[in-house]
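Produce the entire structure from the sequences given, and follow the hints as far as they go.
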Amino acid sequence: MQLLRAILQRLLTTAITLIGVAVIVFVVVRVVPGNPIAMMLPPGATDEDIARLTAQYGLDKTIPEQFLIWARGVLHGDFGTSITARQPVLDLVLGRLPATLELSLMALVIAVILGGIAALTGTRKRDTLTEAGIDITNGMALSIPDFLWGLLLILAFGVLVPIFHISGRVTPSLELPFTTDFYLVESLVRLRFDLWLDIVSHMFLPALALAIPLAAIIGQLLKQSLKETMHLDYVTLARTKGYGENHVILREALPNAILPTLTLVGVQFTFLIGGTVIIERLFSYEGLGNMAIDAVINRDLPLIQGIVILFAVIFTAVNLVVDLLYAVLNPRLRHG
Amino acid sequence: MADARALVHRRAGLRLWLSAGWIALVAAAALLAPWIAPHDPLAQDLFLGRLPPFWMEGTEPGYWLGTDSLGRDVLSRILHGARIALIVAVIAGTLTCLIGATLGLLAGFLRGWVDLVISRLIDIWMAFPPVLFSILLIAVLGPGLTSIIIAIVVIDWTRFARVVRAEAMAQGAMDYVASARVAGRTRIGTMLREILPNVLPTIVVLLTLEMGIAVIVEAILSFVNLSISTDDPTWGGMIAEGRTSVHQAWWVLVFPLVTLFLTVLAFSQLGEGLKDRYDPVLQ
Amino acid sequence: MSFLQVTNLSARIKGSDHRLLRGVSLTVEAGEVRGLVGESGAGKSMIGKAILGILPRAIEITGGSILLNGTELLTLSPAERRRLIGASTALIPQDPLTALNPSRRIGPQITDRLVDILGWSRSAADARATELLDEVQITDPTRVLRAYPHELSGGMRQRILIASAFAAEPKLIIADEPTTALDVTVQKQILKLIATMQARHGTALLFVTHDLGVVAKVCQKISVLYGGLVVEDTTAEAYFTGPAHAYSRALLAATPKYTNPEASLLPIPDAVIAAVQADVDAYDRRVP
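Here the protein sequences line up with chains A, B and C, keeping their order.
Residue 132 is where the first sequence starts when you use this note's numbering, and the numbers rise one by one after that.
Residue -19 is where the second sequence starts when you use this note's numbering, and the numbers rise one by one after that.
Residue -10 is where the third sequence starts when you use this note's numbering, and the numbers rise one by one after that.
To be clear, the hints were calculated from the coordinates, so they are not data collected in a lab.
Incorrect hints may have been included.
DSSO-like mimics (lysine-lysine), calculated; alpha carbons at most 27 Å apart, straight line [what the hints assert, rightly or not]:
#, chain 1, residue 1, chain 2, residue 2
1, B, K255, A, K192
2, C, K3, A, K256
3, C, K38, C, K181
4, C, K3, C, K181
5, C, K160, C, K177
6, C, K177, C, K206
7, A, K358, A, K256
8, C, K38, A, K256
9, C, K206, C, K181
10, C, K206, C, K38
11, C, K38, C, K177
12, A, K358, C, K38
13, A, K256, B, K255
14, C, K160, C, K206
15, A, K358, C, K3
16, C, K181, C, K160
17, C, K38, C, K3
This is how it looks when you write it as structure tokens:
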């Protein structure tokens, strides 16, 4: 009963948040100066042409009316039509979503690996110069946002030592036999390792740029809770059984130290996804974020709305998944 | 073992001074730019395009850090760029702080429906990708310094509001607040005289960090070409330009990037240093 | 040759002259139970930790020797020492609520040493775990082995820790205040259980406690500790009939009797404390 109430409450606040996002975006994009319809018509179009198209996109109605029409459409899976591309917004957005998802998840994996290594090494070598070095590196990594890391990586591994691609998602001259937009996954499934390598060498730098700040947070937080856990009685007991430091850290301390880190990583992961907007721009990576910036520059109202709503949905979904994971990983909650 | 600790500890003091020093240097550059810049940052000279920095072959005297593709002096542009960076940092940072901290204080201390509304707003804000949101706002407001500052305030007030709200709540539950109320202080009086001073160190630290963030946001907006009019030299604008010609003239990207990097690092390390030293809450 | 022979063991806080152990010597013969008593802060737990090699990093051993079955522990490499300790000794910890890993099931926490360190097969270890739970009078062992610690009561968990300690048939068990954290009613059962298990398996036991009532029930030998200094080393019989040292006598008088727990307790007189503190100071003058 209590659980049911908690779930209902959670769904309610999520709904309010999403509606709030929708309302704000809707209003904001409609006070954008400049008539997007006039922009899309060739010069010399008559006022009637403009009026006709304005009516076609429903932009002649009041903002509340427009919102209701739009909201009704959304409930039926219709997010409107892009003004510049003249295609359904949903198709456009879903076409780009896989690129951004693959990038974000790759970044998450890199962050977990780097942060995990930093935390484990720091715990293993606690109270030594190695730990101090890890702390300093973490502090640096945390102070610099993904945008700057992206630029530095472009300089280092795109220009000085050009071992990675710094532009695009895949080399344009390659034949792509893909039926989905999940290039990274599909190239693996089809065993096209040549393509896979090309895609990874395009994705690696942007993913790393996104990953570095998150890796630092994971490293710091996980190390802190690992070190706290290392003092606990069950860890000491395991030592008396004859286990060495590595085993004690990995099997006794780690499972218990992960939980507090997990919640925070959830929030931070949404920041990472938000960061894809500028990082995709920086690396000319054809994802949602890059499309979003173009949409803003082109005043493509329906497309902007669609993308922002999608981001908000992803953010709330990530938070929900983290809460579920927490429940699954914590035996106390699992067995109520 | 103990010396490693001591080393880190000593470093913490050094970090504060280095950060403050660099920020002072940037501030001096911003103030004195018209007098110390060797060239007009806007002067183009196509015959002097893409000159390398002073230690390389084929330079012209006086162009220490080289020139960009239009022949504009990189060093002069960096110095002038410091002005916009610092103006944004100080004004946007302060305004964000004032608005965010006030809302957070009200929510945390008054609770009730005020808290409900503000918390819900924070939730909604957290569901926006911030960079996209800022670009959207600039598109609405039109490019310009004022727009950038407004955009930063509108987006980042939640940073202050969230922390200050939680802290005000914790402080509000303590005994000394109750005794102040019993002693006849009004609610607003209690909030300003009892709660605010205790939250102040936290706010100062957040403010320092926010200034670094403001510098970055300005650079990002310049980078997507939505900041100031394209003529004015900004670090982000220089970086955007340097990015496109990085294979031909790396210095156009490197120097403004290093400056931006150090400035952001300095603000953040200053904030962290202050936090370690004075703020029991955020530690 | 005693199974455990601690000689002249000294320890202090690293980088300070704060002494924690002052030339402690004690022996535990095979199959024998020795009580190690003293007030809190006397250093009695420290001795157990020094033997097991789990002293906090801030504490260093400054001298002495620990012989386990004739092997000097203090000069072994950490890895060799861990193996030896893991194979021949075990710990019954103080607080059953914190000594089991909350994210692991009970079964593996009992069998892990058998499988990982001693190379048993998993099925043999599982069978052994069931048998042990039976021995410590836990009904429904199959369910308990699959349970997580938070699903069990404190008394249950202490039984499991006892079972786990005896799992590998160690030659020596160190029980570090194993009943202190438990309810009074459960305390008696657990104490009885430890005594029974010890007798059945013939394990040597170093019983660290501040509770002389406990010592009276299970120990054959007693060491009394004050300020990291052994002030008396005697048999239990001699101790309870008439301890030699004034401090031991005062400690005995300050202990509640099982027979009459309500009787008012005598605090340890200041003069006695002053006398025993003088012993400590004398040691510090003698051993700079």
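Now the hints, each set against the structure:
A threshold of 27 Å between alpha carbons decides the hint, and for K255/B with K192/A the separation of about 52 Å lies outside it, so the pair is violated. This hinted pair checks out: K3/C and K256/A have alpha carbons roughly 18 Å apart, not beyond 27 Å. Under the criterion of a C-alpha separation no larger than 27 Å, the hint pairing K38/C with K181/C is consistent with the structure, at around 24 Å. Pair hint K3/C plus K181/C does not hold up; C-alpha atoms about 39 Å apart against a cutoff of 27 Å.
Between K160/C and K177/C the alpha-carbon distance is near 24 Å, which keeps this suggested pair within the 27 Å criterion. Proximity of K177/C to K206/C is assessed by CA-CA distance (about 10 Å); at most 27 Å being required, the pair is judged to hold. Taking the CA atoms of K358/A and K256/A, the gap is near 11 Å; set against the 27 Å cutoff, the hint holds. Of the pairs offered as hints, the one joining K38/C and K256/A holds, with about 22 Å between alpha carbons and a cut-off of 27 Å not exceeded.
Restraint check for K206/C and K181/C: satisfied, since their Cα atoms lie roughly 9 Å apart, inside the 27 Å limit. Taking the CA atoms of K206/C and K38/C, the gap is near 24 Å; set against the 27 Å cutoff, the hint holds. In summary, the hint linking K38/C to K177/C is supported, as the alpha carbons are separated by about 25 Å, within the 27 Å threshold. The straight-line distance between the Cα atoms of K358/A and K38/C is roughly 20 Å, inside the 27 Å bound, and the hint therefore holds.
With a CA separation close to 26 Å, the supplied pair K256/A and K255/B stays within the 27 Å bound. For the given pair, K160/C sits about 21 Å from K206/C by alpha-carbon distance, which is consistent with the 27 Å threshold. Taking the CA atoms of K358/A and K3/C, the gap is about 20 Å. The hint holds against a cut of 27 Å. For the proposed pair K181/C and K160/C, the alpha carbon gap of about 20 Å is at most 27 Å, so the pair holds.
Proposed proximity of K38/C and K3/C is supported: the alpha carbons are some 16 Å apart, at most 27 Å.
Of the numbered hints stated above, those contradicted by the structure are hints 1 and 4, listed in ascending order.
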